[in-house]
Amino acid sequence: MAVLKVKFTKTRRDKLAQILWILNWISVVTGVILFSLGLFLKVELKKREELMAEKDIQYVPNMLIAVGLIACIINFLGGKICYDCVDSTKFLRWKLIMLPYIVCTFFFTLCVLVGALMCYSMHWELEEALNLGLMQAMRFYKDTDMPGRCFLKHTVDTLQIQFQCCGNSGYKDWFQIQWISNRYLDMSKKEVIDRLRSNVEGKYLMDGVPFSCCNIDSPRPCIQQQITNNSAHFNYEHQTEDQNLWMKGCRQALLEYYTHIMQSIGLTVLITWLFELSVLTGVRYLQTSLENMLRQGDPDSESDGWLLENSFMETARTNLSIIKSLGKSNQINTANNGDPNIDVPSTSKAHYGPDNVPPKEKMETS
Amino acid sequence: MPFLSLKFNLQKRVKLAQGLWMLYWLAVIVGIILFSLGIFFKIELRKRSEIMDNNESHLVPNLLILVGMLSCGLNAFGGKLCHDSLDPQKFSKMKPMLRPYMLLCCGFNVLLLLLVLLSFLMQFAVYLTLAEGLKNAIRFYKDTDTPGRCFMKRTLDMTQIEFRCCGNNNFRDWFEVQWISNRYLDMSNDVVKDRVLSNVEGKYLMDSVPFSCCNPGSPRPCIQHHLTNNSAHYDYDHRTEELNIWNRGCRQAVFSYYSGIMNSIGALLIFTIVLEVRLRPHCRSQSVTCVLKGTELDSQTTVTYRNHFALPFFFWNFILFPLRLIAVSMQQKRKQWREIHILLVEKQELL
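Chains as they are written, first to last, in UniProt numbering: chain L, 1 to 366; chain A, 1 to 351.
By construction, these hints were calculated from the structure, which means they are not laboratory data.
Treat the hints loosely; a few may be bogus.
Said to hold, decoys possible - Estimated spans, in silico, between C-beta atoms of each pair:
#, chain 1, residue 1, chain 2, residue 2, range
1, L, Val32, A, Ile33, 22 to 32 Å
2, A, Ile33, L, Leu77, 35 to 45 Å
3, L, Gln239, A, Arg183, 37 to 47 Å
4, A, Ala76, L, Trp25, 21 to 31 Å
5, A, Asp190, L, Thr228, 20 to 30 Å
6, L, Val192, A, Leu243, 37 to 47 Å
7, A, Asp143, L, Val192, 35 to 45 Å
8, A, Asp190, L, Val192, 20 to 30 Å
9, A, Gly202, L, Phe40, 50 to 60 Å
10, L, Phe107, A, Ala76, 17 to 27 Å
11, L, Met187, A, Asp190, 23 to 33 Å
12, L, Lys55, A, Tyr127, 29 to 39 Å
13, A, Gly217, L, Thr281, 36 to 46 Å
This one's a predicted model, so the numbers in the text were calculated from it and none came from an experiment.
For glycine and all other residues, C-beta sits at the position ideal for the given N, C-alpha and C.
Same shape as in the complex, but just chain L:
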């Protein structure tokens, strides 16, 4: 019992082939789009790799790039095949390749689906990477004289200005680290020495933040130092003041930015997957209808097209037995009692044609 059988006349077959040709070319374009989306994501992640800890998140854009390229190639081939399918003589060229092509494309669409799901699952790994990365970046903010870390200050400052955020979870993260290098601290001053001695690790901690945390929407000039000390500034209440500094944490800001990108990309990949699946279905129908037409012998006849010749269970069973017998090609056929010494001849007989063929007339040649 064939699965989803559809009758195809000659004109319907030709139309299907033409439509599939156009759809394959559109799929090539979507493949290019996927490739460029993967490239864009790779660039965006690389731009801020200083702020992300060493987690392997590059696999998502790499997968997208690979999927995009393979989609282009497969759909280009598919377009060529469909273009040739209009003519039944040219179809003979592609007859043997079509079934493996369809199977490959089917597994490829599974890859596309996995790629789309990966886009959504990257969120948690990214959050981990950003958390660790930002913490490190803030710790090394003051180390502008150490090679390899001398640009972290610039990176963190431009990040806080651009994404309008401060610190890892909030601005209070800056109170827990020393972000002013000892090179710029006057060790001869009493206040400095007191502050250094006031905590176990000997760090110069203070309730101040770098200038990049300043909120440009604030009506008053930015208060960066002595933030928690109300009396240090005129008409200032730090519990109610929310416009002085950026309130959002940079981890949340970056995560929102990347999640937004990932969701758009994921949606595009899902739509591409659905499109590819529909094109694949069309190609399968075209293949089966053309094969049936060839079996009937008449190029102008009606033929059936289907997705699977037998029901799903039967097809699975036959394929499994084929796979099992592939492994048994070297084994000897044993007799019914299992004794390998008794030879059981194979049951299939080779046909060498009929036995009583009359000899050919040789009158003209002699």
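Fit chain A to the given chain L structure using the hints.
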């Protein structure tokens, strides 16, 4: 006496028509680019109109938008004309529109020239407007409670961060204005009172700059206050320190941005003029071919360029062509009058 006569058979004419058609569509695309460039420039001027005192002149972008639309329309029509000039039936319908079209194109080229001149000369106006506007912006930085000026602080901070600049000419402009509002000054404090009384206008002046002047590339945390006081900060010499705050003035920075845009507009317009001037004589020759020997499409026809190539295209297109039109029309009129005169004389003789 034909000058520079060339032989054109059908194949060559078709190729010429195709080439011209492509050139015309290129000109349409250039027109679209001009249009979008005009819109982009207008938006950029609007975005920063606050630091230009809302006084900036929108003449160049408006003209550019107009020129872009005109260019699209004229060149699309010209392309259609060139395309139809191979077919004498279609061309005879278009023939009456040819002369006014050429006049329009001349006027359009004059407009393009004018716009090129404007795009280079208006930069002076932009510079002066910026200077005045930034001076006022710095003065009104503190007035975040005055309606109409409450976003001046935000705009100026964003400009200083985006263009990496500080103040009008340099950061010392901030030393001459009070950029902290009185609302945030504790008037009961002696230090504050002394500072306010220390100058004639009673302004709270100090040698500090806002946070937006800070350079994120500086190796040390930003020093905004007591900039000229070396002893206020450890290991700091204000004469040699260049990485702490931005050294450039915002007038210079913003002006170089706008002047870049205007120079590119000027360059693109010059390219458009060259393209337009190249297109006109070719198409005229194409159409003249059909006018002179319309029916003999298959035989070899000679195109006489008469006076079209007698002078450089540029000069011809802008000045001589309209003059020639006038001269030809006057010649025709004189001919008509002579004929009427001859008829009248004959009539009199008969009588």
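- Return holds or violated for the Cβ distance of Gly202 of chain A and Phe40 of chain L against the range 50 to 60 Å. holds (56 Å)
- Item | Status of the given 36 to 46 Å range, CB of Thr281 of chain L versus CB of Gly217 of chain A | For Gly217 of chain A and Thr281 of chain L the Cβ distance comes to about 57 Å; the hint is violated.
- Taking the CB of Val192 of chain L and the CB of Leu243 of chain A, does the distance hold inside 37 to 47 Å? Between Val192 of chain L and Leu243 of chain A, where Cβ atoms are some 23 Å apart, the hint is violated.
- Query: Has the hinted range 35 to 45 Å been met by the Cβ atoms of Asp143 of chain A and Val192 of chain L?
  - Reply: holds (38 Å)
- Phe107 of chain L versus Ala76 of chain A beta-carbon gap, inside 17 to 27 Å or not: Violated, since Phe107 of chain L and Ala76 of chain A (Cβ atoms, about 50 Å apart) do not stay within the stated range.
- Cβ-Cβ distance between Gln239 of chain L and Arg183 of chain A: within 37 to 47 Å? violated (19 Å)
- Message: I want to verify a distance hint. Is the separation of the beta carbons of Val32 of chain L and Ile33 of chain A within 22 to 32 Å?
- Response: Hint holds: Cβ distance 24 Å, inside 22 to 32 Å.
- Determine whether the Cβ-Cβ distance between Ala76 of chain A and Trp25 of chain L falls within the hinted range of 21 to 31 Å. holds (29 Å)
- Given the hint of 35 to 45 Å, check if Ile33 of chain A and Leu77 of chain L actually sit that far apart at their C-beta atoms. Given a distance of about 38 Å, which is inside 35 to 45 Å, the answer is holds.
- Go ahead and decide if the range 20 to 30 Å is satisfied by the Cβ distance of Asp190 of chain A to Thr228 of chain L. holds (25 Å)
- Message: I want to verify a distance hint. Is the separation of the beta carbons of Asp190 of chain A and Val192 of chain L within 20 to 30 Å?
- Response: This hint holds: roughly 27 Å between Cβ atoms.
- Given the hint of 23 to 33 Å, check if Met187 of chain L and Asp190 of chain A actually sit that far apart at their C-beta atoms. The hint (23 to 33 Å, Cβ to Cβ) holds, given that Met187 of chain L and Asp190 of chain A are roughly 31 Å apart.
The structure shown violates the earlier hints numbered 3, 6, 10, 12, 13.
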